[in-house]
Amino acid sequence: MDILDSVKIPLRDNSNRGKINLIVFYILAVYTAIHFILGRFSDHTALLNGEIVEMQQPELWKVWAWTFFNVILNYTLVIVNCICFLMWMARAYANLKRTGQETESSVAMSVWSYFIPIVNLFYPYQIMKEI
Numbered sequence: 001m002d003i004l005d006s007v008k009i010p011l012r013d014n015s016n017r018g019k020i021n022l023i024v025f026y027i028l029a030v031y032t033a034i035h036f037i038l039g040r041f042s043d044h045t046a047l048l049n050g051e052i053v054e055m056q057q058p059e060l061w062k063v064w065a066w067t068f069f070n071v072i073l074n075y076t077l078v079i080v081n082c083i084c085f086l087m088w089m090a091r092a093y094a095n096l097k098r099t100g101q102e103t104e105s106s107v108a109m110s111v112w113s114y115f116i117p118i119v120n121l122f123y124p125y126q127i128m129k130e131i
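At position 66 of the sequence shown (counting the first as 1) the number is 66 in the UniProt record's numbering, and the numbers step up by one without a gap.
Hints are computed from structural coordinates only; laboratory data are not their basis. A quick note: this is a predicted structure, and the numbers were derived from the prediction, not measured. Built from N, CA and C at the ideal position, the CB exists for glycine as well. Errors might be hidden in some of the hints.
[What the hints assert, rightly or not] Computed cross-link-like contacts, DSS-like style, restricted to lysine-lysine with a CA-CA straight-line distance of at most 27 Å:
#: 1; residue 1: Lys19; residue 2: Lys129
#: 2; residue 1: Lys97; residue 2: Lys129
#: 3; residue 1: Lys19; residue 2: Lys97
[As the list claims (entries may be wrong)] Have a look at the derived ranges for each label pair, beta carbon to beta carbon:
#: 4; residue 1: Phe36; residue 2: Pro10; range: 38 to 48 Å
#: 5; residue 1: Tyr31; residue 2: Thr103; range: 28 to 38 Å
#: 6; residue 1: Met109; residue 2: Leu38; range: 38 to 48 Å
Kindly produce the complete structure, drawing on both the sequences and the hints.
Here's what the structure looks like:
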């Protein structure tokens, strides 16, 4: 019997990370739906479709500033959602190891597998199957 086998590491609570991940995901989904619906009626869509031929410089500036703000907000929400998901998944995978189950990789690799090309096509699926 190894000395490390006799030491029991308690599981760490992952419910708060899961709740935060869901909240951020719902905010992103609602924001995307609202942006999609309101985007159909905006000046930007009419400008791109050629319905508005002439637009004064201040009005054009407002349209592009609003578009830039929405793009930045959308990307920020997506990045925060990805970070929250990866934090939840890393804790869940670490808890899997703490229960004593044999896992195929380390906790760090379970996160990095989402960023490595080619590996990210199949490895995250295997990790989620283990969880």
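For each hint, the structure was consulted:
Under the criterion of a C-alpha separation no larger than 27 Å, the hint pairing Lys19 with Lys129 is consistent with the structure, at around 21 Å. As the CA atoms of Lys97 and Lys129 are separated by approximately 14 Å, the hinted pair is consistent with the 27 Å bound. Of the pairs offered as hints, the one joining Lys19 and Lys97 holds, with about 22 Å between alpha carbons and a cut-off of 27 Å not exceeded. Restraint check, Phe36 to Pro10: a C-beta distance of roughly 45 Å satisfies the suggested window 38 to 48 Å.
Take Tyr31 and Thr103: their Cβ atoms lie about 36 Å apart, and the range 28 to 38 Å holds. The hinted range of 38 to 48 Å is satisfied by Met109 and Leu38, whose Cβ atoms lie roughly 42 Å apart.
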